[in-house]
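A.B. asks: Since the structure of chain A is provided, determine the placement of chain B on it from the hints.
The lines below spell out each chain.
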Amino acid sequence: MSTHRVVGRPLPRVDAHEKVTGGAQYCSDVRLPGMAHAHVVRSERAHAKIVAVDTAAARSAEGVLAVITQQDLGGLFPFYGHIITDHPVLAGDRVRFMGEPVALVVAESTRSAQRAAKLVSVQYEDLPVMISAEEALAEGAVSIHQHTYKEGGGVFWETVPDDGSGDNIAHQREMSWGDIDTAVAESHLTIETTAHYPMLYAYAMEPYCAVAKYANDTLEVISSTQHPYMVRGELARIFDMRLSAVTVRSPYVGGGYGSKSWTKVEPLASIASWYTGRPVKVALSVEEAMLTTRADAATVWVRSAFAEDGRILGREFDITLNTGAYADSSPSILDKAVHRCFGPYRIPNLSVSARLVYTNTVPASSYRGFGAPQTNAAGEYNVDRAASTLGIDPLEIRRRNMLERGEQVLPDRRPLDGDVKADIEILVKELGTPPEAEEGVRYGMGFGCSVSDAGAYPASIATVKILSDGSALVSTGAVEIGQGSATALSQIAAEELMLPFESIRISQSDTANTPLERTTNASRTTTLVGLAVQRASRDALDKLRSMAAEVWGCDSDEVSTVDGRVLCESHSRNLSYQETMDAWFGPGAGETIGVGIVRKTGATEAMPPFWEVGMAGVIVAVDEATGSVRVQKLVTVGDVGFAINPATTEGQDLGAATQGLGAALSEELVYEGGQLINPNVVDYRIPRMTDLPAHISTVLAERGDGVGPYGAKGGGEGALNPMGGAVASAVSRALDIWQDEVVLPLTPERVWNLLSKEET
Amino acid sequence: MSSYAARRSVTARVNGQLFTQEIDVFSTLAELLRDELGLSGTKVSCELQVCGACSVLVDDHPVSACSFLAVDCDGARIRTIEGLAASGCLHPVQQAFIDQFALQCGFCTPGFVMMSVALLESTDSPSRDELMEYLDGNMCRCTGYRSIVEAVEAALRPNGEDEE
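Residue numbers (the numbering used here), protein chains in the order written: chain A, 750 to 1509; chain B, 27 to 190.
Mixed in with the good hints there might be a few duds.
No farther apart than 25 Å at their CA atoms in a straight line, the calculated lysine to any residue pairs in the SDA-like style are these [to be verified]:
id : chain 1 : residue 1 : chain 2 : residue 2
1  : A       : K899      : A       : P827
2  : A       : K867      : B       : D85
3  : A       : K798      : A       : L781
4  : A       : K1292     : A       : S1252
5  : A       : K867      : A       : S1252
6  : A       : K1170     : A       : L1216
7  : A       : K867      : B       : Q121
8  : A       : K899      : A       : I918
9  : A       : K867      : B       : A32
10 : A       : K798      : A       : S925
11 : A       : K1349     : A       : Y1420
12 : A       : K1214     : A       : L1265
13 : A       : K867      : B       : L44
14 : A       : K1170     : A       : P1183
15 : A       : K1292     : A       : S1321
16 : A       : K867      : B       : G101
17 : A       : K1178     : A       : S1217
18 : A       : K798      : A       : Q872
19 : A       : K867      : B       : F52
20 : A       : K867      : B       : S35
So, partial list: chain A residues that the calculated Cβ filter (under 8 Å) puts toward chain B [claimed, not checked]:
id : residue
21 : R762
22 : M954
23 : G1181
24 : E1185
25 : G1231
26 : T1397
27 : T1407
It is worth saying that the hints were derived from the structure and are not from the lab. Yeah, the Cβ is synthetic: ideal placement off N, Cα and C, and Gly gets one too.
In isolation and in its complexed conformation, chain A is listed as follows:
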């Protein structure tokens, strides 16, 4: 590590000064000249046909420019959905969840738009409402969608009219190897458990926001999105425009965690601008954002077959994800859930059956972990319960089953590139043992592990420009959503270019001006965009060397770059970068541009680009009188290969783990009838400062084994993934109650009920 000058060090964040002085601009801060404001009229029914929409009163209200319904979108393709294009920009003949956009009021001010929205009257004809996956899958259940999809080779699946066999299954996936029935029949012990993972909201502090300007046959959008390039593609399809005519820019994003992936409110702002000819802003409230997307809820049944010594002989999973009214990214989440449910174990016989179910709830989409937290909790709780039944220590049972580096997690994929056996030893040692029970308080320890096929599809491009004074600009399409990518990528450029960290500036994502980065998700940015920046920096230096060789009239093989200078040893000549460009272009006239490309070839040919390891554990204190669970100690181990910036890397682990604690202990979207009853920060309880565990340890296990620069690989989601199982097992050990059916979050009420059952 000591050979590096800039990477591997906790250098201050490049965005910190702007963010502590109020200068950092977010989409919600954007104001364009002549900008109008739009407010969404939302469905007050969970499932209904729209009989009529009366917009007359709203249209004549003070300050109103337009009231737009689907009827007004003639000539457009008014749908989005990056896998299944089933999501209408505005509801057509029916609504499928309460809160669905039905109309859009555009006015001179936010307040005028909000007031007029109340004057829009919608006449509905109710249809049966299905909130749980069970209801939607019941015999004779009404189909929520009138279209199904044809799975294609491309990114988008074609939607086709339903052939009449309509059920509410959006997508299915089966995966198996070996012979599970024989494994079960020949086992010493089988353990069957079911775990329910709650409906969650990612709760970015900045709600969804977009500002659109449609003018001169071009569309410019500023958005809170973490996927500007994917949004550009969907907008181009809606308006039938070339990609070059659509620009999407992401300024600083106020929290993403996956929930700002893909398309959200950008089509609404865009149709409003297209319709009115004015720049239009759509800024949602937190409540509206909670009616826009959420994470898939899961019910996961697991049966594992064990030998007497605790070896896993086989595992069976049955996964049902409740995905709400539209598919969005969830078909892909289901596929990943299938890959991520069974853990980093050697499993000779496996059978996974999974389905994604439409219901009349807020559509679910990406959230940190992407299918892993939902299903890993079930798998890991099952292992812990088996350990308890077999009388084997929970670390020991994992030792006996864990994969070694280089083994296959999934057939035909990249072999495991981390050392999970070493990681879990670090984790358990660091966690220590829980205190003895005291009057009214019981303690328990729990931990878990996961591996995720992370990184998504490798397609990342970066450019590095060395300017005439020797400073440099880095340009990538990656979005700084708080994860620290701007800092890490700047460090990589400074390291490679041998320039001071302070002389590097990095741009924000802008589809018209930055090179393509497919997506900012799947813990990929440091690894894949990092590689692209590394290659772009080296390409720029190559070009500088060629320039110097030409100036000196020598062979470029004789020219090297050392300590920020270009030199030719055989002629004992050297020039600064600035002098090299001055000599080649003319004084002050030059600039050197390097390009770095990462695609599915070479080091990034094998999929996934890397395995993201999740390692986390807790010691909890359970209050017998109230059932409340407090986390006393939290440990994470980040198997990240090489931490470009150790401070921001640990920050990602702690942040992810804390979100996992929220899901395990307090967060849950609750429906009453067709209505989401807690879309606000009072009733949807995210972790607060006083929930901070007294002891926290965020360990980094750096072994240089990643495909990224300097051996880096992704982090950021890992520590969230095993948290549900870790907390559930810790509570089970504290109470000495192992459940057949675990329901997360373990709220005081649920834990108190468990304790009460124990007494009777």
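C.D. replies: Here is chain B on its own, set in the frame of chain A:
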């Protein structure tokens, strides 16, 4: 301009500068700062005075600008994130947030910084528990809070003396 409500003139001092502005009587302080005065550093999130993102100081007391009526600021002295480093020199709390990596997305940061300044100005050597109790009304979804606690402690004890 809207005709829904009466308008009133408000005169206040924001970050040391006196201004007079005509506003709707139902305008919030956040609207006044962000929309009328262009001070967008103050962020709005929950709009329920629960998350703390919009914390600013009115006559040295922290308030939630999202739900504090602008008309109630007449004659007041208001401090926002933009005014903290007006002299060009960062406030110790701001410097500590940078040094301790006490931010990620940064959306909650102005509120946390202003609340921490209020704590520093109102309390002598608060304990860690008092600090956490004071800042419990500010929410951060990114960091898990440890680095924020460490930053505020560093700002409270610039010379590194122990809590005891």
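A.B. asks: Check whether the Cα positions of A:K1170 and A:P1183 lie no farther apart than 25 Å.
C.D. replies: At roughly 22 Å apart (the allowed maximum being 25 Å), A:P1183 and A:K1170 satisfy the hint.
A.B. asks: Mind checking the alpha carbons of A:K867 and B:D85 for me, to see if they're no more than 25 Å apart?
C.D. replies: 37 Å, violated
A.B. asks: Would the hint linking A:K867 and B:Q121 be met if the CA-CA limit is 25 Å?
C.D. replies: 46 Å, violated
A.B. asks: Does B:G101 sit within 25 Å of A:K867, going by the straight-line distance between their CA atoms?
C.D. replies: The hint is violated at about 36 Å.
A.B. asks: When you check the alpha-carbon spacing of A:K798 and A:L781, does it fall within 25 Å?
C.D. replies: Violated. A:K798 to A:L781 sits at ~38 Å, over the 25 Å cutoff.
A.B. asks: Any CB of chain B closer than 8 Å to the CB of A:G1181?
C.D. replies: 19 Å, violated
A.B. asks: Does A:T1407 pass the interface hint, meaning its C-beta sits closer than 8 Å to a C-beta of chain B?
C.D. replies: With Cβ-Cβ at 4 Å, under 8 Å, it holds.
A.B. asks: Close enough to count: is the Cβ of A:G1231 nearer than 8 Å to one in chain B?
C.D. replies: At about 3 Å, which falls below the 8 Å cut-off, the nearest Cβ of chain B leaves the hint on A:G1231 intact, so it holds.
A.B. asks: Do the alpha carbons of A:K798 and A:Q872 lie within 25 Å of each other, as the hint requires?
C.D. replies: Roughly 9 Å between the alpha carbons, so the hint for A:K798 and A:Q872 holds.
A.B. asks: Next pair to validate is A:K1349 with A:Y1420; report whether the Cα-Cα distance is within 25 Å.
C.D. replies: 43 Å, violated
A.B. asks: For A:K899 and A:I918, compute the direct alpha-carbon distance and say whether it is at most 25 Å.
C.D. replies: 13 Å, holds
A.B. asks: Take the C-alpha atoms of A:K1214 and A:L1265, compute the straight-line distance between them, and say whether it is at most 25 Å.
C.D. replies: 16 Å, holds
Hints 2, 3, 5, 6, 7, 10, 11, 13, 16, 17, 20, 23, 24, counting from the list given before, are not met by this structure.
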